[in-house]
Structure formats: structure tokens, C-alpha cells
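Q: Sequence:
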Amino acid sequence: RQLRGLSQKGLGIAAGIDEFVASTRINRYEKGVHEANIVTAGHLALALQVPLAYFYADDDNLAKMILKFAELSAAQQNALLASLENKWIR
1 RQLRGLSQKG LGIAAGIDEF VASTRINRYE KGVHEANIVT AGHLALALQV
51 PLAYFYADDD NLAKMILKFA ELSAAQQNAL LASLENKWIR
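So the sequence shown is numbered by this note's numbering: it starts at 1 and just counts up by one.
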């Protein structure tokens with residue numbers, strides 16, 4: 001959110017959350033007090049321009065991998081997957 005230059009309220013509004021509760025809701029999501037449902041998480045992902053899977057990564061490294069993978073073209077993604085599969089199959 002901060003890398004995108006969005007306030008908590010701005011992100012909430014961009015994700016379709018009512019402006020009067022947007023800041024509070026995003027704050028509670030960020031602090032882990034509440035967990036967004038899948039629909040809200042999808043709206044947040046769109047607003048932040050990240051894959052939905054980013055929010056469900058088990059650790060920071062996986063989250064970074066998801067972001068980097070999403071930046072690749074389809075051809076680059078396929079090439080990377082093929083390379084990884086070949087490396088581990090041998």
C-alpha cells in the first residue's frame with residue numbers, strides 16, 4: 001500500500017469499501033485483527049495491482065516470488081517454469 005502511495009483510507013475506497021470505515025478496515029487487516037474475505041481480498045489485489053495469491057503466501061520470500069513472477073510475460077513465465085522443472089527433475 002505504501003509503495004503505491006496509498007493511505008489506508010485511499011486503498012479501502014479503491015477496493016470498494018465505504019469511505020467512512022475504509023481506514024479502520026484496512027488498519028485492522030494490516031494488523032491482523034480481521035482477515036478480509038476472498039472477495040474483498042480480490043478487490044484489494046486489484047487496487048494494489050498484485051496477484052491475489054500474494055496475500056496468501058506463507059512467507060515473505062514466496063510473496064516476493066509471486067510478485068516477480070507476475071511481472072514476467074507469459075513466455076517468460078513458461079520458460080522459467082520449464083527451467084525450474086528441468087533442474088529439479090534431473
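Keep in mind the hints are simulated off the structure, nothing from the lab.
Certain hints may be false.
[As the list claims (entries may be wrong)] Pairwise CB distance ranges (calculated): (1) S73 to N37: 27 to 37 Å; (2) E35 to G5: 36 to 46 Å; (3) L81 to Y56: 44 to 54 Å; (4) V39 to N86: 29 to 39 Å; (5) Q77 to F20: 33 to 43 Å; (6) D59 to E85: 28 to 38 Å; (7) D18 to K87: 44 to 54 Å; (8) L80 to D18: 38 to 48 Å; (9) E19 to A79: 10 to 20 Å; (10) N61 to K31: 30 to 40 Å; (11) V33 to M65: 26 to 36 Å; (12) N86 to F20: 20 to 30 Å; (13) N37 to Q77: 27 to 37 Å; (14) L72 to N37: 26 to 36 Å.
Just so you know, these numbers come straight off a predicted model, no measurement behind them.
We put the beta carbon where it would ideally sit given N, CA and C, even for glycine.
Q: Holds or violated: 27 to 37 Å for the Cβ distance of N37 and Q77?
A: This hint holds: roughly 28 Å between Cβ atoms.
Q: Does the beta carbon distance between N86 and F20 stay inside 20 to 30 Å, or does it fall outside?
A: Taking Cβ atoms as reference, N86 and F20 lie about 53 Å apart, which means the hint is violated.
Q: Does the beta carbon distance between V39 and N86 stay inside 29 to 39 Å, or does it fall outside?
A: holds (38 Å)
Q: Look at the Cβ atoms of E35 and G5 and judge whether their distance stays inside 36 to 46 Å.
A: violated (25 Å)
Q: Are L80 and D18 spaced within 38 to 48 Å by their CB atoms?
A: holds (41 Å)
Q: Verify the CB-CB distance for D59 and E85 against the hinted window 28 to 38 Å.
A: violated (22 Å)
Q: When you take the CB atoms of S73 and N37, is the distance between them in 27 to 37 Å?
A: holds (31 Å)
Q: Indicate whether the distance between the beta carbons of E19 and A79 respects the range 10 to 20 Å.
A: violated (44 Å)
Q: Is the hinted range of 44 to 54 Å satisfied by the C-beta distance from D18 to K87?
A: holds (48 Å)
Q: Range first: 30 to 40 Å. Now tell me if the beta carbons of N61 and K31 are that far apart.
A: violated (22 Å)
Q: Kindly confirm whether 44 to 54 Å is satisfied by the beta carbon distance between L81 and Y56.
A: violated (20 Å)
Q: That 33 to 43 Å hint for Q77 and F20 (C-beta), does it hold up?
A: holds (41 Å)
Hints 2, 3, 6, 9, 10, 12 from the list above are not met by this structure, while the remaining hints are.
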